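Residue-level listing of the chains:
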Amino acid sequence: MLYISRWKALAILLTAFVICALAVPNFLPDKMVQSWPKWAQRHVVLGLDLQGGSHILLEIDQGAVRKEKLEQLRDDVRRVLREARVGLSSPPVVRGTSVEVGVRESDLQTALTKLRELSQPLGGVLGATGQRSLEITHLGGGRIQLTVTEPAIVERVRQAVDQSVQIIERRINELGLVEPLIQREGTGRILVQVPGLDDPQRLIELIGKTAKLDFRMVDQSMTPEQALATRPPPESEILYGTRGEGRIPYLIEKRVLVSGADLTDAQPGFDPRTREPIVNFRFNTSGARKFAQATSENVGKPFAIVLDNEVISAPVIREPILQGQGQISGQFTVESANDLAILLRAGALPAPLTIIEQRVVGAGLGQDSIKKGKDASYFGATLVVVFMIITYGLFGVFASIAVAINVAMIFGVLSLLNATLTLPGIIGIVLTIGIAVDSNVLIYERIREEVRSGRTPISAIDHGFTRALATILDSNITTFIAAAVLFFIGTGPVRGFAVTLGIGIITTVFTAFTLTRLMVAWWIRWLRPQRLAIS
Amino acid sequence: MRLHPSIPLLRIVPDDTKFDFMRFRRISFPASAVLSIVAICLYFFVGLNFGIDFVGGTLLEVKTKTGAPVDLAKLRTTLGGLGLGDIQLQQFGTPDTVLIRIAQQPGGEAAQGAAKDKVKAALGDDMLVQREEVVGPRVSTEMLAKSTVGLMAAILAILVYLWFRFEWQFALGAMIANVHDLVLTVGYMSLMQIDFDLSSIAALLTILGYSLNDTVVIYDRIREMLRRYKRMSMADLLNISVNSTLSRSIITHLTVTLSLLALLFFGGHAIHSFVSTMIFGVVLVGTYTSVFIAAPILIYLGVGTTRTAADEAPERPERSERPQRQERPQRTQRP
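First to last, the sequence lines map onto chains A and B.
Position 446, counted from 1, in the first sequence is what our numbering calls 446; the numbers after and before it change by one each time, with no gaps.
Position 114, counted from 1, in the second sequence is what our numbering calls 114; the numbers after and before it change by one each time, with no gaps.
Derived by calculation from the structure, the hints in this document are not laboratory data.
There may be inaccurate statements among the hints.
[Said to hold, decoys possible] No farther apart than 27 Å at their CA atoms in a straight line, the calculated lysine-lysine pairs in the BS3-like style are these: (1) K74(B) - K118(B); (2) K67(A) - K212(A); (3) K67(A) - K114(A); (4) K118(B) - K209(A); (5) K374(A) - K301(A); (6) K371(A) - K65(B); (7) K372(A) - K65(B); (8) K18(B) - K74(B); (9) K120(B) - K209(A); (10) K212(A) - K114(A); (11) K65(B) - K374(A); (12) K290(A) - K209(A); (13) K120(B) - K65(B); (14) K209(A) - K254(A); (15) K371(A) - K31(A).
[What the hints assert, rightly or not] Quick partial rundown of chain B residues pointing at chain A, CB under 7 Å, derived from the structure: (16) G107; (17) R131; (18) G136; (19) G150; (20) L208; (21) R248; (22) T255; (23) A262; (24) G267.
[As the list claims (entries may be wrong)] Quick list of simulated restraints, FRET-style, between CB atoms: (25) I238(A) - P69(B): 43 to 53 Å; (26) A363(A) - K146(B): 26 to 36 Å; (27) R243(A) - P69(B): 40 to 50 Å; (28) P69(B) - T382(A): 25 to 35 Å; (29) F17(A) - D16(B): 40 to 50 Å; (30) A21(A) - F24(B): 49 to 59 Å; (31) V386(A) - R23(B): 29 to 39 Å.
The structure presented is a predicted model; accordingly, all values stated were derived computationally and were not measured.
Think of the CB as a built atom: it goes at the ideal place given N, C-alpha and C, for glycine as much as any other residue.
Next comes chain B alone, as it looks inside the complex:
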């Protein structure tokens, strides 16, 4: 597989890695429990920074025509005098661009548009409105409901799929592990006060999808090992499974990280929070979860309880179940 014999290929994980992941469950489970509780507390006591998609209101992205930095203090005074309630200003990317967020106005849908026009008039001529979004109370309420239902539906659909493909313990284990991912990510979003809007739901669903992707790869291997080694203890079997997929897990996460980093540095400010959420959810939490939570949880869910005691020496795979050498495919043997 080398391009040239003199170029060594990069080995990220040594071939015969035998890290005892299962022993870490005594640390990782309490740690995850604590982190989850912290995340839930963050959600309830700090709270998500809901964007206008879910609470309604108006968002304007405004840029100075001259490219001069925005005088935030002055703008704050000007807009504060309009009597439109809470108006948030936030520098966005470059100093000449600012996001203006106007809270939901009382008086239904029509009042939102009126408030936006007022603000636009107050901005004057030297400001350029690049983007404006007005979401009325009805739409935002619906979107919140739809997103919640959608997230639940996705979790349920995936659970059902896994149940079909694996035993129920696997499905449940994967779900617990990955809902744990979502909880931690929501905690992170609360902590960082990332704008929680429709694209955050997209981030959460993608994190769910990819964390599961990872979990499924390990579970597939566990299932294969369960069939191959009938008498190995569960802990050893899980260790072998995780270790043998470790290289893949790490390489894949590296390539995803590379893609995400490219997006983070070159994709512009508009997708910054989306990408940073993904990096947290997929790269940091997802990897940890599949290895330290999703695999060991199978022990607690009772997979392989009928196996013999754990102290029995594991069989050497090469000796007992060495797969039969297969002949070369016919085609290649033809002259």
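Bound conformation, chain A alone:
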């Protein structure tokens, strides 16, 4: 046990040295590190609780996704049956999680054939799941039911989330923030982490807005007040807009002339006459054509610019707009005009997102936590070192060196993994300092026992190591299991604790098996002690 070949010793020292060296970039100024090759730049990332920042978890409105999917299906059914010249006994309607349509009995087979073409095979990369996007059943009497299958909905939600991630990325990039993290969580969630932002309010407004922009006509067949008192015509709905302090109703047609998807650009600007902030926009070719046609047909009538079901403005069309350019004015501030332009450029979210969790830490608090964490680490380490030296003398010094290398290696591994260091993570490291000496204590106590039972120093040390190492492995694995479980259930800071605790256990076992042994083996070889001053 005490004989360690030269090559083995070299390998041990080299491993320890390399792992410790990985921690170096953390302690050098950023400028210096940036000139290094990429692989050498890996470093510990400070968690949001230490550097300040926002953690926002959003969830997509699955109900909205489902509703949209069904409405699209209804329109498809109508189109397909019309194209196939199938006579309808009742028009397609959304009912629950399916679309129902009635066709003339004579056309039933044609209708079923055509509708089956709407159903597509589902499947990811492998493709052979056998699942299809629709289930089509004949309820009898010419009534056909088309149900969107659950996998098809899940697939659609997944797509919607992926689109949303891209859109949010575009929106956030416009704010010019450093290292934002935007990623999908599970099927229907998106995690946004932005470090070092003191006021998250604007960020939240930017990512939470659906930004669905529509250009629609104002329905002038009755006043909004009349519509409210009775009921609006079937093709129109009541939407509200803000004017001054109050909110006023508008009667707006449901039909969309041009949608925000047809925009190619949007920029904030000022109205040359009123000097009010506005947003200038430009349509793509098809959008420009649709807009030109709509405005030519409706000169003198008001139309509405609707953003997320809120009427921003309802100007009267003075002349046809043929170039596909326009402007939106509507009580903007410079900032809100800028934000709207960002939202329009980035595009609309496919479905509304709700913030289901939000954690924000100010940068000042983070700084404070770092300082306190450092103080506690230094103080804890000093106490442990002093205690170990008082108890074990020279072997205590060995233990302290091993623990110091241990901590350096924790930082090295954290850097290698680009792991996040959080405040609980620092607790994990301080705890490791306390625990890492345990492996040494186990070894030394065992040596003391072996000496008492009459062994020679070298034999005692040899046996002490052999016996203690098995115990060290056993006892650390239980804690490692706990850390692993914590890693999987924890989020954010708590996960940081699991990470440092887990890494600390691995480095502890490594140092106990290698470095401590090496130090003791060398010490014995150099000094050849005849007795250990133990009892």
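Here the structure of chain A is known, so what remains is to put chain B in place on it, guided by the hints.
Only chain B this time, still in chain A's reference frame:
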């Protein structure tokens, strides 16, 4: 091992300690049973002080910009007038800092954010929001479920591991002992009304890990002794095992305590409850359990029942099974 011959090394436990731990099982088992029942009663009748991680709601850490102490009474009146239901205020560390906890609002996820904005507006300009956390009902329900499942999974995984490494009695004994630790810790958290959040789960899992660590060290020794002394009575064997690992147990717990004390005094208020829970669970309960519960429980679980009667004199380890002296390792003998 001395640095200098004149400096005596600290001996915390005398070498030939032969404390009869097993006799104490007649006290420690009833005592633990009573304490566990008290802890369970505390849990059911006082209850854990669930934080927003598990019940949802909003938490704000607010500091006065001037550093003047917060006028809690005035703040309470201001915020109470907002009609947001239960709002708790709690001084946090220094007198200029206060934690504001707003209960879960009816009306789903969006309502939580709205309530937070209302409170922030009411705080006015001379207060600085240092930290804000909003947890919606869905996330909190999930976290509670995930944590419960995680805790169970950890217990199960460790049980399976111990079962592989030891006999089943050891695995079961360790589990009973350490679930007992968790029960007592939860009782303590109920009693002290410590904020029970995700970091408390971290504390519980760590306590579980380290208590087991301790138990495993003793069990390892018991297993070794079982192999070495085939005819010693179980009680004596357990006593020898516990006594021979006692020094290690105490020294290790001292170093962990030193680390935890450093965290308690220098780590700031944010980790105060986490650390105090750990001190209770690892240092106080964990040590007691491994010595007074985990070891003696093996007798009740039937380890070593095939051994001869307990009144037979234990063999002296040195005489009967003195390990053979081994030669020095080859390397060191070379000139």
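Hints, one by one, checked against the model:
In summary, the hint linking K74(B) to K118(B) is supported, as the alpha carbons are separated by about 17 Å, within the 27 Å threshold. Straight-line distance between C-alpha atoms of K67(A) and K212(A) comes to about 16 Å, which keeps the hinted pair within the 27 Å bound. With a C-alpha separation of about 23 Å, the suggested pair K67(A) and K114(A) falls inside the 27 Å cut-off, and the hint holds. As the CA atoms of K118(B) and K209(A) are separated by approximately 20 Å, the hinted pair is consistent with the 27 Å bound.
Straight-line distance between C-alpha atoms of K374(A) and K301(A) comes to about 69 Å, which puts the hinted pair past the 27 Å bound. Of the supplied pair hints, the one linking K371(A) and K65(B) holds, its CA atoms being roughly 20 Å apart against a limit of 27 Å. Among the hinted pairs, K372(A) with K65(B) is consistent with the structure: their alpha-carbon atoms are about 21 Å apart, no more than 27 Å. For the hint pairing K18(B) with K74(B), the CA-to-CA distance comes to about 62 Å; that exceeds 27 Å, so the pair is violated.
With a CA separation close to 21 Å, the supplied pair K120(B) and K209(A) stays within the 27 Å bound. Proximity of K212(A) to K114(A) is assessed by CA-CA distance (about 32 Å); at most 27 Å being required, the pair is judged violated. The suggested pairing of K65(B) with K374(A) holds, with an alpha-carbon distance near 25 Å, which does not exceed 27 Å. Under the criterion of a C-alpha separation no larger than 27 Å, the hint pairing K290(A) with K209(A) is consistent with the structure, at around 26 Å.
For the suggested pair K120(B) and K65(B), the alpha carbons sit about 14 Å apart, so the restraint of at most 27 Å is met. Taking the CA atoms of K209(A) and K254(A), the gap is near 21 Å; set against the 27 Å cutoff, the hint holds. The hinted pair formed by K371(A) and K31(A) meets the criterion: a straight-line CA distance of about 23 Å does not exceed 27 Å. Interface restraint check: G107(B) against chain A, minimum CB-CB distance 12 Å, threshold 7 Å, status violated.
The closest approach between the C-beta of R131(B) and any C-beta of chain A is roughly 5 Å, which is under the 7 Å cut-off, so the hint is satisfied. Hint on G136(B) holds. Least Cβ distance to chain A is approximately 4 Å, under the 7 Å limit. At a threshold of 7 Å, the smallest CB-CB gap from G150(B) to chain A is about 3 Å, leaving the interface hint in force. For L208(B), the interface hint holds, the least distance from its beta-carbon to any beta-carbon of chain A being 5 Å, beneath 7 Å.
A cut of 7 Å between beta carbons decides the hint on R248(B): the least distance to chain A is about 4 Å, and the hint holds. For the restraint placing T255(B) at the interface with chain A, the shortest Cβ-Cβ distance is roughly 5 Å, inside the 7 Å limit, so the hint holds. Interface hint at A262(B): satisfied, since its Cβ lies 3 Å from the closest Cβ of chain A, which is below the 7 Å cut-off. Interface hint at G267(B): satisfied, since its Cβ lies 4 Å from the closest Cβ of chain A, which is below the 7 Å cut-off.
The hinted range of 43 to 53 Å is satisfied by I238(A) and P69(B), whose Cβ atoms lie roughly 52 Å apart. Here the CB-CB span from A363(A) to K146(B) is close to 30 Å, well matched to the stated 26 to 36 Å. At about 45 Å, the beta-carbon gap between R243(A) and P69(B) stays in the expected band of 40 to 50 Å. At roughly 34 Å, the beta-carbon separation of P69(B) and T382(A) lies within the given 25 to 35 Å, and the hint holds.
The hinted window of 40 to 50 Å between F17(A) and D16(B) holds, with their beta carbons roughly 43 Å apart. At about 51 Å, the beta-carbon gap between A21(A) and F24(B) stays in the expected band of 49 to 59 Å. Checked against the given bound of 29 to 39 Å, the beta carbons of V386(A) and R23(B), roughly 36 Å apart, stay inside it.
Of the numbered hints stated above, those contradicted by the structure are hints 5, 8, 10 and 16, listed in ascending order.
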